[in-house]
Amino acid sequence: MLLPLLGLLLGVLAGLALDVNVGFELSRYSAVAILAALDSVLGAVRAELDGVYDNRIFISGFVVNAIVAVFLTFIGDRLGLDLYLVALITFGLRIFDNVALIRRHFL
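FYI, in our numbering the residues of the sequence shown are -15 to 91.
Accuracy of the hints is not assured; some may be wrong.
Listed next, with one range per pair, are the computed distances between beta-carbon atoms [claimed, not checked]:
| # | residue 1 | residue 2 | range |
| --- | --- | --- | --- |
| 1 | VAL47 | SER11 | 20 to 26 Å |
| 2 | ILE59 | LEU(-3) | 21 to 27 Å |
| 3 | ILE59 | ARG88 | 35 to 41 Å |
These are calculated hints, taken from the structure and not from any lab test. Note that CB positions come from ideal geometry on N, CA and C, so glycine has one too.
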């Protein structure tokens, strides 16, 4: 459980310390990548609290979620559709679900 939380903390600190400017063209890709990462980390925390955490599942889910989300965004850009919204809504719902279950675990 510490590995995902440590990675999240280091990522947030690096993001605050570095002055990174993402262009408008890449903002959609950045948004879905950040939500995919956050979804994977919160899913790992939830799995650890449930006692079923597996590092291989965490890493593969992290990579596959990011690739699928970026691919949807890319295809949507080529077709002129806002398919990135599908990824944003899906990850957003999963994030809220995981946060609710984590909160219930501690209450």
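Task: LEU(-3) and ILE59 - C-beta distance against the hinted 21 to 27 Å - done: violated (33 Å)
TODO: With respect to the beta-carbon atoms only, verify the hint that VAL47 and SER11 lie 20 to 26 Å apart.
DONE: holds (22 Å)
Open item on the list: Within 35 to 41 Å: is that where the Cβ-Cβ distance between ILE59 and ARG88 falls?
Closed with: With Cβ atoms ~36 Å apart, the hint holds.
In terms of the numbered hints stated before, the structure departs from hint 2 and from no other.
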